[in-house]
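Protein chains in written order, with numbering that gives the first Met the number 0: chain A, 0 to 507; chain B, 0 to 321; chain C, 0 to 317.
Please note that a few of the clues may not be correct.
[What the hints assert, rightly or not] Computed cross-link-like contacts, DSSO-like style, restricted to lysine-lysine with a CA-CA straight-line distance of at most 27 Å:
hint	chain 1	residue 1	chain 2	residue 2
1	C	K314	A	K80
2	C	K117	A	K374
3	A	K331	C	K117
These are computed hints drawn from the structure, not numbers from a lab. Remember, it's a predicted structure, so these values are computed and weren't measured experimentally.
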Amino acid sequence: MSKGSGDSRYVVQMYGITKEFEGIKALDDVDSLLGPGQVNCLCGENGAGKSTLIKILSGAYQCDGGEIYLNGEQVRISNPKMAKNLGIIPIYQELDLIDCLSIAENIFLGNERKKNAFVIDKERGIREAEKMMADIGCEMDVRKNLGELSVAQKQMVAIAKALSTQSKVLILDEPSDVLTGKELKILFEVIRKIKEKGVGIIYISHRLEEVFEIGDVITILRDGKFIGAAPVKDMTRKQLIQKMVGREVDEDVKPQHADPGKPVALEAAGITRGKVLSDVSFLLRSGEILGVAGLIGAGRTELARAIIGADRIDKGTIKVFGREVKVSSPTKACQYGIGYIPEDRKMDGLVLIQTVSNNILLTVLNQVSRLGFLKEKLMRDTVDHCINQLRIKCSGPNQLAKYLSGGNQQKIVVSKWLATGAKILILDEPTRGVDVGAKAEIYNIIRDFAKQGHAIMLISSEMSEILSMSDRIMVMSEGTITKTFDSNQVSQEELLEYALPKSLKTEV
Amino acid sequence: MSKKISLSYHEKNGQIFRLARSNAIYLFLLLFFVAACFASPHFRSVSNITTLLSQSSIIGILAIGQTIVLITGGFDLSHGSFLALVSVLIAIVIPTSIFGAFLAAMVSLLVLGFVNGFFVNKGISPFIVTLGMQGIARTLALWLANSKSISFKADISVFAYGSLFGIPYCVIIWVILMAVFAFILNKTVPGRHIYAIGGNSESARLSGVNVEAVRYFAYCISAFCSFAAGVIYVSKLGVGMPDKAVGYEMDSIACAIIGGTSLFGGVGKLSGTLAGVLIYGIITNIQNLMGVSAYWQDVIKGLIILVAVYFNLVSNRRQRGA
Amino acid sequence: MVEMRSEKLNARNLFSQYRLFMILLLMAAILSVATKGVFLHKDNIINLFTQNAMLGIIAIGQFLVILTGGIDLSVGSVMMMTSVFYVRFQGLGAVACATLAILLGTAFGVMNALLITKVKINPFITTLATMAVAEGLGNIFVDGHTIFNIQPSFLAIGRVKIASVSIYVFFWIAIAVIMALILRYTSFGIKLYSTGGNASVAYLSGIKTNRVISAAYIISGLLCGVVGVLYTAKLCVGDPTIAGTYNTDSITAVVIGGTSMAGGEGKLFNIVLGVLILGMLSNFMNTMGVPSALHVGVKGCILIATVLFNIYEKKKSK
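Model the full structure from these sequences, guided by the hints.
Here's what the structure looks like:
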């Protein structure tokens, strides 16, 4: 689609939207149109750029290039407040509502019904709130505190609140993740009612059944690029998945198979944690890379945290090299030789204000000290060894970690666990936010580890990464393992198919 | 066809629990009262109860301000020093004009409350800001009074000692202030905004709430309450004393917490604080009647705060985690 | 293409690294002018150190606590409590009483540690409450009176001088040096800084963060106990009203020393400088005839101003 001009027939027009983060293009020349009373479903894998696009529309990010038109007029949305004033309301999973206030108060926060300058007209607020909720098909006692509601009910309140301010565009980001089948039906009823008012809706969901049920138009993104948009009735599920995944074949995907001869390093059985993980069991062998595929929210990070003892599990056993162990805390995980490189290295992986050296040694402080006193030479040697082995680019071991590039920061986190001599490594999105060059380096590092006999669990949302790196692939969805492949001879479509959440069962 | 989202069985049960928990404080009050009646025969007399109420009025008024600041997610450590400052200001200006003295004290405290709000809005922890203000106010008091007590001729003892139809004026003032601020908290826009920013200040900001203005409002209310309490205080003493009234902020904090105000912000009711003040007052009164030394009372005060905070945290953490 | 931003060496960086020294020199200059050169006399400089040695020791404990991201508001009251306890039961002999007093201070440190790490109460509230408890206990020990009758053996330590400098100064320096060495050369040091810098990362890396945080509060309590004994020995009274400004002064000194209230950043040596600067400020105010009552106010302003400045600096460096 070429760059267009304002057309008041559309509620939202986005042309040529581009956004870069640290040299990586999250969005590259993306177009999107939304008509009044239309539901536009944004589809794409993790990292396709969906949430970046809606964050730009809702003012949380500013686009580096491109134009946005609202009802035919060009706008520049510089912050969320402005987006709200323009009538664009995002409804995220972490709702922007206040638990300690009542439903009615939440709906009218900042916009209160008043008797005079200061005094609130509580009765009028309650009446109007009741009407709004009834309008979207939900009758509730609006005097209740928000904190007492279920997440589904809170969503309804968020929608009612959006409507109370004459919003033009509602953005729903994975609303069904927290709903049961029955609640989803109610949500769809609400959406249909809103459509009648001429509000445009952008809907993001991985449950393709929803897309086909409630959507009018589908917009597909892949790797930040706009792949296409079409009316729902013109597309089949198979076509949709194909477009989401793309047909490129990775040249260097060498066929890998699991080697049944190697010893089992980690064996998990029946891991259960609340609603987040149910009955997860798998094997991990020395020298192999087990890819863990899945979408956000599938429970992969939670599984990793459960294994290293950062979160307590309700049921399940873990065996390390055949011995059943109780991993009650990360300290114990360390002792058993399990290392975890977390998703968010800035928040969970590094102490940014500390030096490279101290970060690397954080896990092995007891080994590089005697009676508490640090052995400088041993420390220096260990750190130098890590810096060399992983080719970490820094001005020296005393440079503060926060000054390093993303890729090098990631290498520090990895080397932290190597230094412990951990034989089992769990890598959670190791190349997220890392530029192309460093990515290749990290891939080589990971392969070397495997060759040296380490057992590696590679959690990644990038299908191509999983396919090219893994010996075996395990797909998770909604807290369970949906399928385990004994090789990496799997198509991306198959992976996505098993990663997609199943349609919600309707409650009787 | 509209669908009714009705209360499920679980929610109905939860409601009863919640009702019990939020009213637990009044049950406690009743319990304490009854226990105190048994613990000492002197307790039950009308004169003792009247004394209890009078003596609680100062802390009671301070607790109003503390509750409001706590609801915004903040904290106010300056109450004690503010009391001293008010007593000094009034003592100094009163020879010129009684009205002028009250005006001067009120304006000064409102300014200091504004300063508190200013620095909290800049991002400094309310603990540190009001800790600093505690020192600054104390210093101002000492400086103005030249580190001496200041006596004055005008008789303003009516506030602390006078009564109307047997009800002490200080209690009347306390009740009026509570009614006014309860009305503000529950029925006005700024009042509900106070709860909003305590619950989630960023969400509130997104909804158009002027977070900074609300904070100014809260800290000024707290300062105003210090002024009102200070009037009763100086009326009681009869002199301006710059070096006394140390530690009143601990009492106001304790009462607010006992009354169920959450340290996380967003939760708290003046009626609960009232119960907290009365419980606190009963404890102090009984200790006095039983001859417990002031120092043991201090120790017990600290322990009470720890226990109250503990329960506070447990119940609020549970609610947050839900 | 790898980006690498190292710290630029230029005038601004130099200033921020040696800022404290420069402020110290500036204060010294101002003081010498104000006292017409008297300040620079050897005796006065030694006096500066002697007067501030006790605050200096307490500030070291406070520093450790703030490094973990917490705060200890009870230091002054715990010090008072141990100082009166020291001379309350003089029948037991100086050494025994000193030991018990120090143990008492340490016990309060343990109490703080437990409440903060196990019961998980906010450090502000916890130490506010233990401050009240310590204040009350201290007064209970002496029934509100000041003890003047003290056996000479209890006061001996206060008289000891080395090269005509009070031994207290050497205690302060020794404790500072030992603590600085521990922070720099032991694994505990790295654990402490890391816990303060990002407690969950430290925990995930296998560090027992609860133990580290507890250690900080226990050391603070222990140092308060030590200073309590030293105080009584020097001033020859068991006075229950002395808690006074030690609380806020120790925090102010730590903040002046450039420590972040969020934890994880700060140098011990700068705390020493911070104490000296604070001490010189008091000197200056005395010389200028500012009544001692006002000192608290000025220091309160300085506390807020310094915190504000630290916040501003942090925002800029982002």
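We went through each hint and held it up to the structure:
{"no.": "1", "hint": "K314(C) x K80(A)", "verdict": "holds (23 Å)"}
{"no.": "2", "hint": "K117(C) x K374(A)", "verdict": "violated (32 Å)"}
{"no.": "3", "hint": "K331(A) x K117(C)", "verdict": "holds (20 Å)"}
The structure does not agree with numbered hint 2 stated previously, though it agrees with all others.
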